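Peer 1: Chain by chain, the residues run as shown.
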Amino acid sequence: KAGVTQTPRYLIKTRGQQVTLSCSPISGHRSVSWYQQTPGQGLQFLFEYFSETQRNKGNFPGRFSGRQFSNSRSEMNVSTLELGDSALYLCASSLASGSGSDTQYFGPGTRLTVL
Amino acid sequence: AQSVSQHNHHVILSEAASLELGCNYSYGGTVNLFWYVQYPGQHLQLLLKYFSGDPLVKGIKGFEAEFIKSKFSFNLRKPSVQWSDTAEYFCAVMPFSGGYNKLIFGAGTRLAVHP
Numbered sequence: 001k002a003g004v005t006q007t008p009r010y011l012i013k014t015r016g017q018q019v020t021l022s023c024s025p026i027s028g029h030r031s032v033s034w035y036q037q038t039p040g041q042g043l044q045f046l047f048e049y050f051s052e053t054q055r056n057k058g059n060f061p062g063r064f065s066g067r068q069f070s071n072s073r074s075e076m077n078v079s080t081l082e083l084g085d086s087a088l089y090l091c092a093s094s095l096a097s098g099s100g101s102d103t104q105y106f107g108p109g110t111r112l113t114v115l
Numbered sequence: 001a002q003s004v005s006q007h008n009h010h011v012i013l014s015e016a017a018s019l020e021l022g023c024n025y026s027y028g029g030t031v032n033l034f035w036y037v038q039y040p041g042q043h044l045q046l047l048l049k050y051f052s053g054d055p056l057v058k059g060i061k062g063f064e065a066e067f068i069k070s071k072f073s074f075n076l077r078k079p080s081v082q083w084s085d086t087a088e089y090f091c092a093v094m095p096f097s098g099g100y101n102k103l104i105f106g107a108g109t110r111l112a113v114h115p
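Top line first, the protein sequences correspond to chains Y and L.
Using my numbering, the first residue of the first sequence is number 1, and each one after it goes up by one.
Using my numbering, the first residue of the second sequence is number 1, and each one after it goes up by one.
Note that these hints are calculated values from the structure, not bench results.
Note that the coordinates shown come from a computational prediction; the quantities given were computed from them, not determined experimentally.
It cannot be assumed that every hint is accurate.
[Claimed, not checked] Below, computed lysine to any residue pairings styled on SDA-like, alpha-carbon distance capped at 25 Å:
#1 L:Lys61 x Y:Ala2
#2 Y:Lys1 x L:Gln6
#3 L:Lys49 x Y:Pro108
#4 Y:Lys57 x L:Pro40
#5 Y:Lys1 x Y:Lys57
#6 Y:Lys1 x L:Gln38
#7 Y:Lys1 x L:Pro40
#8 Y:Lys57 x L:Thr30
#9 Y:Lys57 x L:Tyr27
#10 Y:Lys57 x L:Lys71
#11 L:Lys49 x Y:Gln41
#12 L:Lys49 x Y:Arg67
#13 L:Lys58 x Y:Tyr105
#14 Y:Lys1 x L:Tyr27
#15 L:Lys61 x Y:Gln41
#16 L:Lys71 x Y:Gly42
#17 Y:Lys57 x L:Gln6
[Claimed, not checked] What follows is a set of in silico ranges between Cβ atoms, one per label pair, in the way DEER data are often shown:
#18 Y:Gly28 x L:Lys71: 32 to 38 Å
#19 Y:Ile12 x L:Lys69: 43 to 49 Å
#20 L:Ser14 x Y:Arg9: 30 to 36 Å
#21 L:Ser5 x Y:Asn59: 42 to 48 Å
#22 Y:Ser27 x L:Tyr39: 37 to 43 Å
#23 L:His7 x Y:Gly40: 34 to 40 Å
#24 L:His114 x Y:Gly16: 29 to 35 Å
#25 L:Pro115 x Y:Thr14: 42 to 48 Å
#26 Y:Thr113 x L:Leu56: 20 to 26 Å
C-beta atoms are modelled at their ideal positions from N, C-alpha and C, and glycine is treated no differently.
From just these sequences and the hints, can you work out the full model?
Peer 2: So this is what it looks like as structure tokens:
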């Protein structure tokens, strides 16, 4: 099975712009979660989508949003970019079996640099 | 607030030395526990996981971890490290919340293994 794929792998934007990142989960996985990784804050949960609905959200401002499509692919959007948004954005997918015991598998990430 | 604490930020070992990385979490309810590894230039990979049952779990590449509920700990061990184990290791907790996926990560431990 193919793993989680993320596009693009690298992005350079300037302050004030907006950006859209894409994630394709492992085939058959219905849940997609997004994380931000920075040297200072580490890995932080952004949000999770299941069945095209946001089920869980971390402590990030409203500039960070996402959506999920019927084929489970997901996108996240960051509007009005700030320098502090420079980070590695990771997508993870899981089966979402409903048992509460899910394992998340991560993609390679999108490296966003805000100038 | 839920949190995960990894005791060592940097560990330097010689090949064949034994490894133990500490991880403690703060959450009063049932949790699922994970160790992920990030090799240089690669994406986050699952090393091992604990959902229930035997508190001693074995993962890939000779790693194991022990869940001690009374100490809220999930320490990672390997009897004899290799140069190829050089990587960053992340402990993560997923509160058992009826199927919702949210991983809370520790700050990570950078392991350098010298030949």
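Peer 1: Of all the hints numbered above, which does this structure not satisfy? Sort the numbers upward.
Peer 2: When the structure is compared with the hints, numbers 2, 4, 5, 10, 12, 14, 15, 21, 22, 23, 24 and 26 turn out to be violated.
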